[in-house]
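Chains as they are written, first to last, in my numbering: chain R, 1 to 424; chain U, 1 to 424.
Hints are computed from structural coordinates only; laboratory data are not their basis.
Treat the hints loosely; a few may be bogus.
[To be verified] Not everything, but these chain R residues come out facing chain U in the computed CB check (under 7 Å): (1) Asn-7; (2) Cys-36; (3) Glu-173; (4) Cys-180; (5) Ser-293; (6) Arg-297; (7) Lys-300; (8) Ala-304; (9) Ala-308.
Beta carbons: idealized from backbone N, C-alpha and C, even for Gly.
Listed below, chain by chain, are the residues.
Protein chains: 2
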Amino acid sequence: MPELVGNLLVAQSGGPTAVINASVAGVIQEAGKNECIEEIYGGLNGILGILNEDLIDINEEKARTIAGLKYTPAAALGTCRYKIDFKKKPEKAAWDMNRLFEVFQAHNIRYFFYAGGNDSQDTANKIHEEAVKRGYEMRVNGVPKTIDNDLPHTDHCPGYGSAVKYCSVTTVEVGLDVACMATDDGSCCIIEVMGRSAGWIAGGTVLAKQGHADNPPHIILLPEIPFDEEAFLGKVQETVARLKYCIVIVGEGLKNKAGEEIGADKSRVDSFGHPLLSGAAEKLAEIIQGRISLKTRTVKLGYAQRAAEHCASATDSDEAFACGVAAVKAAVEGKSGVMAKIVRLSSAPYKWTTDLQPLADVANVEHFVPRDWVSEDGFMPNEKFVEYARPLIEGEVKVPMEGGLPKYVVLEKVRVEKKLPPRA
Amino acid sequence: MPELVGNLLVAQSGGPTAVINASVAGVIQEAGKNECIEEIYGGLNGILGILNEDLIDINEEKARTIAGLKYTPAAALGTCRYKIDFKKKPEKAAWDMNRLFEVFQAHNIRYFFYAGGNDSQDTANKIHEEAVKRGYEMRVNGVPKTIDNDLPHTDHCPGYGSAVKYCSVTTVEVGLDVACMATDDGSCCIIEVMGRSAGWIAGGTVLAKQGHADNPPHIILLPEIPFDEEAFLGKVQETVARLKYCIVIVGEGLKNKAGEEIGADKSRVDSFGHPLLSGAAEKLAEIIQGRISLKTRTVKLGYAQRAAEHCASATDSDEAFACGVAAVKAAVEGKSGVMAKIVRLSSAPYKWTTDLQPLADVANVEHFVPRDWVSEDGFMPNEKFVEYARPLIEGEVKVPMEGGLPKYVVLEKVRVEKKLPPRA
Numbered sequence: 001m002p003e004l005v006g007n008l009l010v011a012q013s014g015g016p017t018a019v020i021n022a023s024v025a026g027v028i029q030e031a032g033k034n035e036c037i038e039e040i041y042g043g044l045n046g047i048l049g050i051l052n053e054d055l056i057d058i059n060e061e062k063a064r065t066i067a068g069l070k071y072t073p074a075a076a077l078g079t080c081r082y083k084i085d086f087k088k089k090p091e092k093a094a095w096d097m098n099r100l101f102e103v104f105q106a107h108n109i110r111y112f113f114y115a116g117g118n119d120s121q122d123t124a125n126k127i128h129e130e131a132v133k134r135g136y137e138m139r140v141n142g143v144p145k146t147i148d149n150d151l152p153h154t155d156h157c158p159g160y161g162s163a164v165k166y167c168s169v170t171t172v173e174v175g176l177d178v179a180c181m182a183t184d185d186g187s188c189c190i191i192e193v194m195g196r197s198a199g200w201i202a203g204g205t206v207l208a209k210q211g212h213a214d215n216p217p218h219i220i221l222l223p224e225i226p227f228d229e230e231a232f233l234g235k236v237q238e239t240v241a242r243l244k245y246c247i248v249i250v251g252e253g254l255k256n257k258a259g260e261e262i263g264a265d266k267s268r269v270d271s272f273g274h275p276l277l278s279g280a281a282e283k284l285a286e287i288i289q290g291r292i293s294l295k296t297r298t299v300k301l302g303y304a305q306r307a308a309e310h311c312a313s314a315t316d317s318d319e320a321f322a323c324g325v326a327a328v329k330a331a332v333e334g335k336s337g338v339m340a341k342i343v344r345l346s347s348a349p350y351k352w353t354t355d356l357q358p359l360a361d362v363a364n365v366e367h368f369v370p371r372d373w374v375s376e377d378g379f380m381p382n383e384k385f386v387e388y389a390r391p392l393i394e395g396e397v398k399v400p401m402e403g404g405l406p407k408y409v410v411l412e413k414v415r416v417e418k419k420l421p422p423r424a
Numbered sequence: 001m002p003e004l005v006g007n008l009l010v011a012q013s014g015g016p017t018a019v020i021n022a023s024v025a026g027v028i029q030e031a032g033k034n035e036c037i038e039e040i041y042g043g044l045n046g047i048l049g050i051l052n053e054d055l056i057d058i059n060e061e062k063a064r065t066i067a068g069l070k071y072t073p074a075a076a077l078g079t080c081r082y083k084i085d086f087k088k089k090p091e092k093a094a095w096d097m098n099r100l101f102e103v104f105q106a107h108n109i110r111y112f113f114y115a116g117g118n119d120s121q122d123t124a125n126k127i128h129e130e131a132v133k134r135g136y137e138m139r140v141n142g143v144p145k146t147i148d149n150d151l152p153h154t155d156h157c158p159g160y161g162s163a164v165k166y167c168s169v170t171t172v173e174v175g176l177d178v179a180c181m182a183t184d185d186g187s188c189c190i191i192e193v194m195g196r197s198a199g200w201i202a203g204g205t206v207l208a209k210q211g212h213a214d215n216p217p218h219i220i221l222l223p224e225i226p227f228d229e230e231a232f233l234g235k236v237q238e239t240v241a242r243l244k245y246c247i248v249i250v251g252e253g254l255k256n257k258a259g260e261e262i263g264a265d266k267s268r269v270d271s272f273g274h275p276l277l278s279g280a281a282e283k284l285a286e287i288i289q290g291r292i293s294l295k296t297r298t299v300k301l302g303y304a305q306r307a308a309e310h311c312a313s314a315t316d317s318d319e320a321f322a323c324g325v326a327a328v329k330a331a332v333e334g335k336s337g338v339m340a341k342i343v344r345l346s347s348a349p350y351k352w353t354t355d356l357q358p359l360a361d362v363a364n365v366e367h368f369v370p371r372d373w374v375s376e377d378g379f380m381p382n383e384k385f386v387e388y389a390r391p392l393i394e395g396e397v398k399v400p401m402e403g404g405l406p407k408y409v410v411l412e413k414v415r416v417e418k419k420l421p422p423r424a
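Next comes chain R alone, as it looks inside the complex (with noise of 0.2 Å):
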């Protein structure tokens, strides 16, 4: 493969992670070995500030600031929910794909670099081929990133492992404060997760048991398993005459039989007459209280689990960092349409690699949590799904501290001239 010459730039798509700087760091720091890679670029706000040309040099930006990235939580360019739709919108795709182009020309950029979910390597896909049809050379290459988990062919997304550890280790100290509060009138926590279709990150507390059954979560629900109610008020009951408490953790995205969200009843109105979205862990508080007036407290970690940097993965820092290297080099080495995977080797003692999967194979399809991962009743992930997500969350993200308070870096983000005329 002959070496390809010119300027680099990567960008972040879909919701952050507390690691998907690290991938960045990853593409960065490698992208630097290479001769063959003259400007590093980073685009703001992913495929948005492409189309804006809001490029920013990262040869500017301090190494001391570059290594910060691997333990600084959220997306430090910028990150959009922006698609490339030629379904529903195909002039206007066509339209933003000629002006992506029209950008990556002017800025000579041969190698591009986007870390996202599905949409977003479902995106790098699109720009992949359009770079074959046109005949332009450049190396397109996915990095995942997702708390989600739910792109498949990858053993596990980056991004996943530090949500797990962080609401896992909620989990246990939610679990601690309800258990020494629990006295004969009983009472039950329920903490919501996230995973609007998925359950990877909510059936990822099971480790916060800790290997003792009747250790916190008692009750998992995913939104791969259809809620039945009254099996779980009888589990909920059945649980708090043992203990005296009981703590729930519920996917956000969990259905009723009939498909619908538990959390999205619209049957229920606020007071500008829009449905109610509070949530499937207030719904759920409101059934146990309305029909067995159990004293119910709930907990929504919200973004908080997925910019915990506090609480993050070493391993999945480490992973996430390994997957940003691995997309570049393969680019170097020729390939393009590929997205960075996981590979694991084994469990225990865990030993993984990156490898690559064509960015088709990837984008669009979504990866769920086996039916046999989890008890026959339903509310609880078995021995499988502890051995797959046990070293996820294994070391920790060393953070420094200044005042109490996490001391995360933050780009200068020193713009790269203008060479088109604006956006229409």
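With chain R's structure known, arrange chain U on it following the hints.
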């Protein structure tokens, strides 16, 4: 003061914190130094367990476990919300008080320490007064505890600093997340923290700004300041216009001008006809989305904020321990009916010591955020609050980790043989 020889009983009460066990460790380790204190017992679930004669023998615990209480959240002895209420239930209160002294006498308890908040200090005071009345020689001192920070006379309460640290770290991290997602549409995220009547925790998150005016949080709503919907919406819009996003912190007990909690809107009912108590953050999100159509998400930290040892303040932990030590020292010196308190000697550099306050001054008095510690518009604590709160979150409690999760200690809880017939 003549030496008082006998046994010690320590118990915990009310909502737990990240450092209430550190206070118990302080009591136990200081007690161990004094020969006049023979046996060291723990009362399970506070007053409730003492009424049931559920005592454990602390000297049966490993020294390693006692030391581990310094980094273990929740109440290792269990806690309760049991009240001895002479006003509302005089007969029951008299019966309870009698039973307590039967237990104290049966086990020769001559030193009693109660760690808790307002109600618990009131209980300790009643027990102290009863001992004096009965001529039963026993020294009864309080150890302050509450994340709410609403006890008077002490500069601040053990438990508060850790709650503020965790909520501030979360605010920094969620702020980075929302900021990096912010594009022209704008967005808002509301983080609900504890504080039914006092806004100390909400106010403390001003530290997350780390001295930069535009850093999150952008609005802090305290229960002490009546909610002004129009001014609030104006402030949100102004912030989003400038920064494209807005982070709001709300104390759960935020009230409207009529003094009603906005999170307990009686006009909304759940599917069982009960008033919806989904909380202040959900209600604010409803208002923002309904009135200015701004994408809004919520985080409700709930019990996590008082249990988050993994993000606890070392300063707070040290002070909690010192309060336990001070309560025992006072008792050994002959003092009874006092609460250990923290006295601030200077803020920068931060210097503090412990002192004592009569329980009668503390019981049932609430301490609120002074109005002149908050900006004129009521939306942001000012430099006075920052100076007060800044030192309280300094330093990190070192929690041993195993398999990626914190390794907290659990007491063996070897029961003291009961000497009385069961409670009627």
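The hints, checked one at a time:
At about 23 Å, the closest approach between the beta carbon of Asn-7(R) and any beta carbon in chain U exceeds 7 Å, and the interface hint on this residue is violated. Contact between Cys-36(R) and chain U, as hinted, is not supported at the beta carbon level, the nearest pair being about 30 Å apart and thus beyond 7 Å. Interface hint status for Glu-173(R): upheld, as the beta-carbon distance to the closest one in chain U is roughly 4 Å, under 7 Å. Because the closest C-beta pair between Cys-180(R) and chain U is about 4 Å apart, less than 7 Å, the hint holds.
For the restraint placing Ser-293(R) at the interface with chain U, the shortest Cβ-Cβ distance is roughly 10 Å, beyond the 7 Å limit, so the hint is violated. At a threshold of 7 Å, the smallest CB-CB gap from Arg-297(R) to chain U is about 6 Å, leaving the interface hint in force. Taken as an interface hint, Lys-300(R) checks out: its beta carbon lies about 4 Å from the nearest beta carbon of chain U, inside 7 Å. Restraint check, Ala-304(R) versus chain U: the minimum CB separation of about 5 Å is within 7 Å; hint holds.
Contact between Ala-308(R) and chain U, as hinted, is supported at the beta carbon level, the nearest pair being about 6 Å apart and thus within 7 Å.
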